[in-house]
Amino acid sequence: MSSIAMPRISATDQRESLRPLALAAPLLLLLLFSFGAPIVALLSRAVYEPTIANALPRTVAALRQDSGAGVPGEPVFLALAADLKQAQAAGAVYEFAKTLNTRLPGARSQVLRAARIATQDQATGKEAMIKAAPLLAEEQSWAAIRTGTNRFTSFYLLSAFDLRWTERGTIGAVPADQAVFLRVFGRTFLIATIVTLATLALAFPLAFVITSLRPAIAGIVLVLVLLPFWTSILVRTAAWTVILQKYGLLNDLLLWLGLTSDRLELMYSRTGLIIAMTHIQLPFTLLPIYSVMRSVKPSLVRAAQSLGARPFTAFWRVYLPQVMPGVLAGCLLTFILCLGYYITPVLIGGASDQLISNFIANYVNVELNWEMAAALSFVLLASTLGLYVTLTRYLGLDLFKMG
Amino acid sequence: MLAYDTTVLKEAPSSVLDIFDTKKFPGKRAMRKAPAQNLEWALMADGVPIADVYKVLGTPEGVDRAFKKLDTIKKDIVWWDAGAQPPQLLASREVVMTTAWNGRIQSAIDQEKRPFAIVWNNQIVEYDMIAIPKGAKNLDLAYKYLAYAAEPEVGAQLGRFIPYGPVLTDATPFVPKDVLPKLPTAPDHMKIYLVGDVEFWGDHGEDLVKRFNAWLAQ
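The listed protein sequences correspond, in order, to chains A and B. For the first sequence, my numbering gives the first residue as 1, with consecutive numbering after it. For the second sequence, my numbering gives the first residue as 1, with consecutive numbering after it.
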């Protein structure tokens with residue numbers, strides 16, 4: 001088609017700017033529907049949780065009539081019984097019971113029992129309901145039900161920060177034996193930082209050496225670096241299991257060399273996890289650094305030295321500033337990827353090396369509590385984006401202009 | 001149940017609860033990275049009668065007690081996630097003993113000829129369920145299948161393919177003679193056991209998993 005082969009300069013600036021947009025439109029649409037929309041839909045579950053309100057319309061109305069806090073009167077219990085009967089008939093009672101159980105541990109089986117009694121049309125007053133579900137005689141249960149009937153909730157986001165609403169209506173810390181997420185977020189960022197620094201320490205000298213090699217040899221070295229990059233992350237993780245385990249290759253080697261007198265506990269430990277993650281992330285840090293280093297003219301450093309700079313000064317004042325964008329881009333890429341690690345911590349990390357992704361996966365796959373998973377994902381996404389924006393803005397780094 | 005390598009342990013453990021005895025059986029031991037079963041074993045090891053395990057575990061003091069017992073071996077535990085890990089952990093001699101699903105250990109013994117052995121006393125028995133989804137197209141056929149699967153002669157054949165026991169005790173006499181000694185439901189293995197309480201974990205799974213994770217992270 002000649003119109004593509006012979007691009008004509010368009011008459012107006014507006015058409016000029018629309019053309020690239022039109023070319024990218026299929027991709028943008030695909031991203032919007034397959035990536036953007038599901039993310040928004042999932043994340044919205046962190047704050048929008050209508051299950052309890054939908055299951056208890058009569059109870060919500062009756063609670064509005066009922067004055068004051070604490071355990072409500074007879075009309076609310078009758079409304080609750082009617083709601084449970086309907087939820088049972090509609091098959092919605094299990095989801096309701098499970099959602100309430102998150103806020104009120106132990107409520108699940110009691111609510112299901114109360115629903116069965118309500119369905120059998122036996123006495124459904126306060127006494128009968130409390131007999132089936134003793135939880136309903138407690139003030140704090142009703143506090144949980146009252147807050148649960150709000151469709152919009154801060155419960156999950158607060159939980160993601162180990163916080164909760166206290167009985168006095170203030171925000172406070174959850175009990176120490178339930179506080180886990182802040183520690184896990186801290187651990188995730190700590191391990192990501194260590195791995196990023198470790199890959200930088202390995203990648204920088206290696207990239208420098210590769211740029212100074214003859215092109216043919218540099219190609220071979222690059223392929224050696226990239227070869228593991230083309231292998232599945234699961235396979236690489238499994239390979240590290242073979243190397244790191246107690247009677248594995250590394251321990252055999254260390255003993256044979258006499259460097260250690262006892263077998264090291266490398267598997268199921270943070271050391272092992274960091275070694276494996278560093279290996280997997282190395283190409284991500286290396287390639288941006290290498291691509292920038294290749295474009296730096298060696299003549300500039302030589303010029304600096306010929307003008308009297310010592311080698312270190314020439315490196316520090318002339319070479320390093322030029323490769324800095326590559327270093328930052330590589331580090332940022334690795335750091336952000338590390339924040340989302342899942343399979344390597346599962347297989348190589350110990351119990352106290354699980355990262356936030358492992359907890360998100362647990363809430364999605366095991367607990368079926370997608371609200372909590374969405375809240376944790378939101379915190380992870382927001383902190384990652386915040387970090388990205390901060391770095392690009394204050395360090396003048398633009399990943400899209402790399403290369 | 002508990003599995004160990006007979007070439008590593010000179011003396012055979014007599015009960016799953018021996019996993020808490022680091023004096024008699026020093027070395028790393030593996031447990032599943034979940035509160036279910038481990039808390040029950042911790043209470044049994046702490047002297048709670050089997051009949052009272054879930055009653056005690058239903059109280060805050062009981063949960064504290066179970067975690068306190070787990071504290072005593074925490075530094076010696078390697079945690080596993082997937083059912084394939086326990087035989088692998090034993091084979092690589094990463095641990096001296098491990099809790100496991102018996103089917104995985106049995107297939108390592110039978111097919112890979114590993115020198116593993118199983119300790120059945122204080123095992124926790126769990127059930128799998130068959131459910132018919134709401135709105136199933138062939139509801140009558142599904143019921144027929146349930147009736148068929150529940151026949152003692154049929155249930156008894158399961159063990160020929162994977163060493164898990166039939167749900168009905170009536171089925172035990174129909175289990176092939178060479179299979180029976182491998183099953184958790186063999187009369188010899190059902191002397192001291194606890195049946196996992198599905199309803200308890202339905203109610204308390206989520207908060208106990210959270211507490212378990214907080215405990216792990218400490």
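Rather than coming from a laboratory, the hints here were simulated on the basis of the structure. As the structure is a prediction and not an experimental result, all values here were calculated from the model. Glycine included, C-beta positions come from ideal geometry on N, C-alpha and C. Any given hint might turn out to be false.
Reference listing, derived: stretches of chain B covered by chain A, where coverage requires no fewer than 3 residues with Cβ under 8 Å from a Cβ of chain A [as the list claims (entries may be wrong)]:
| # | segment |
| --- | --- |
| 1 | 18-26 |
| 2 | 90-98 |
| 3 | 208-214 |
Unsatisfied constraints (hint numbers, rising):
Hint check: 1 fails alone, others pass.
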